[in-house]
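Peer 1: Residue numbers (our numbering), protein chains in the order written: chain A, 1 to 102; chain B, 1001 to 1270.
Hints in this document: simulated from the structure, not taken from any laboratory.
One or more of the hints may lead you astray.
Claimed, not checked - Partial selection, computed: residues in chain B whose CB lies under 7 Å from chain A:
1. 1142
2. 1213
3. 1215
4. 1218
5. 1262
Unchecked claim - Calculated from the model, a selection of chain B residues having no Cβ within reach of chain A, i.e. all distances over 10 Å:
6. 1063
7. 1091
8. 1097
9. 1098
10. 1195
11. 1239
12. 1260
Virtual Cβ for every residue (Gly too), placed ideally from N, Cα, C.
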Amino acid sequence: MSVRPLLLSVALLAGCATGNIPPGTQVPAERLAAAVAPGTTTKAELLATFGKTQAVVFDSGYEAWLYQSPAGNGRFAEFVILINPQGVVTKTRQGPVSAPKP
Amino acid sequence: MSYLLRCLLLASAAAVTAAAHAQDTPSDTAVATVKVTTTRDPVDKSYRKMIKGMERFEREHSYAPAAGLRFQLLPRTPDVKMEGITLRVAGDTLSAKVPVEPDNSFVLPRNEQLLREDAAVLANRKTTSMTWRAAIVTPGLPAGTRRLGDMRLECRVGVEAGLVSNSSPLFGWLSNALTGADEVCTSPNGNYLFFAERPLFAVRLRAGERSATLPFHFLYAGGLPREELPFCDCQVLLDRTYYVPLWDASWPDDTLVEFEYMTDVPETQP
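From just these sequences and the hints, can you work out the full model?
Peer 2: Rendered as structure tokens:
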């Protein structure tokens, strides 16, 4: 194989190095804690109240959603929500706090 | 992770396209032809490499001094049947059966003749239907936990043995070019995937009084987009997939890795 394909690949990879992972939608922690209740809050209510955010959808029908809450000094705390196949929140967790990616 | 994968795929595609174009140019027609009669199925593993993994386990046993080494087969495609799997090590003149336990784990015997014959470890399943991992587990750990030192050694053995089964050869080639065997287990960009027994909601580290919940991007292969899943050997285990900071020496080998699962009791399959 000539070096041309390899150089092209390396150039593309170098360009990728500056990319950022899309963050979750930002919502104050107090609003999330007050509005999201396992066993009652639905996926439709989350969408209507806080909007779409970073999510992973599994073959099982479960979904994991990530919101981010400002935690001061440019840092953010995670708020992770688990939604069951029926569209109801079953679990939430807060943290950890981390600086945004450059 | 997902962004990196996208970039790797893009770069792979570029390399393939450019290589194909290069084959059409007159200047390349004089290159000698190599006849390839067989290709090794990604589900099949090199016996020599797996033995090298076992040798690494012996050399670096201090990461997990109380644990033994097994290998484990895991599903990679939705339709693969994980019951009744048989394994054999096949060389040119010799073939040996390898007993597989009901949890699809096994111990690989050492045989000098099979090593000389550069044998393959073969499973009775289709191409890319399964993936492989080392299983190094210290006995007596609390339920729902693992030990970080065991996982550090699993990574070293797994990489040395060539167990990760990503489906695109060029994708794998690029990955290996970017991360050598030692780098994978000592770099934050190593991205060696582990699989929990059940779907995960959170993973926490605990060492004495210190504890920390791992960030969201340590779970679910970093939120890999669905269109990229077929390239990852986490394809059907996405909800069980996680990274741990193997590279972070501030967490000792005795650190417990604690799992919070999506459900408190395992959900039965339909």
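Peer 1: The structure should be examined with respect to each hint, and the outcome stated for every one.
Peer 2: Here is how each hint holds up against the structure:
Violation of the interface hint for residue 1142 of chain B is found here, the shortest Cβ-Cβ separation to chain A being roughly 20 Å, above the 7 Å cut-off. This hint holds: residue 1213 of chain B has a C-beta 5 Å from the nearest C-beta of chain A, less than the 7 Å allowed. A hinted interface residue such as residue 1215 of chain B counts as satisfied when its beta carbon comes closer than 7 Å to some beta carbon of chain A; here the least separation is about 6 Å, so the hint holds. Of the supplied interface hints, the one on residue 1218 of chain B is violated, with its beta-carbon coming no nearer than about 10 Å to a beta-carbon of chain A, more than 7 Å.
For residue 1262 of chain B, the interface hint holds, the least distance from its beta-carbon to any beta-carbon of chain A being 6 Å, beneath 7 Å. Distance check for residue 1063 of chain B against chain A: the nearest CB is about 26 Å away, which clears 10 Å, and the non-interface claim stands. The beta carbon of residue 1091 of chain B sits about 31 Å from the closest Cβ of chain A, which is more than 10 Å, so the claim that it is off the interface holds. The non-interface label for residue 1097 of chain B is consistent with chain A: the shortest C-beta to C-beta separation is roughly 33 Å, beyond 10 Å.
Separation of residue 1098 of chain B from chain A is adequate, the least Cβ-Cβ distance of about 30 Å exceeding the 10 Å criterion. Every C-beta of chain A lies more than 10 Å from that of residue 1195 of chain B, the closest at about 14 Å, which supports listing it as non-interface. Here residue 1239 of chain B does not stay apart from chain A, with its beta-carbon only about 4 Å from theirs, under the 10 Å limit. For residue 1260 of chain B, the non-interface assignment is contradicted: its Cβ lies about 8 Å from the closest Cβ of chain A, within the 10 Å cut-off.
In this structure, the earlier hints numbered 1, 4, 11, 12 are contradicted, and the remaining ones agree with it.
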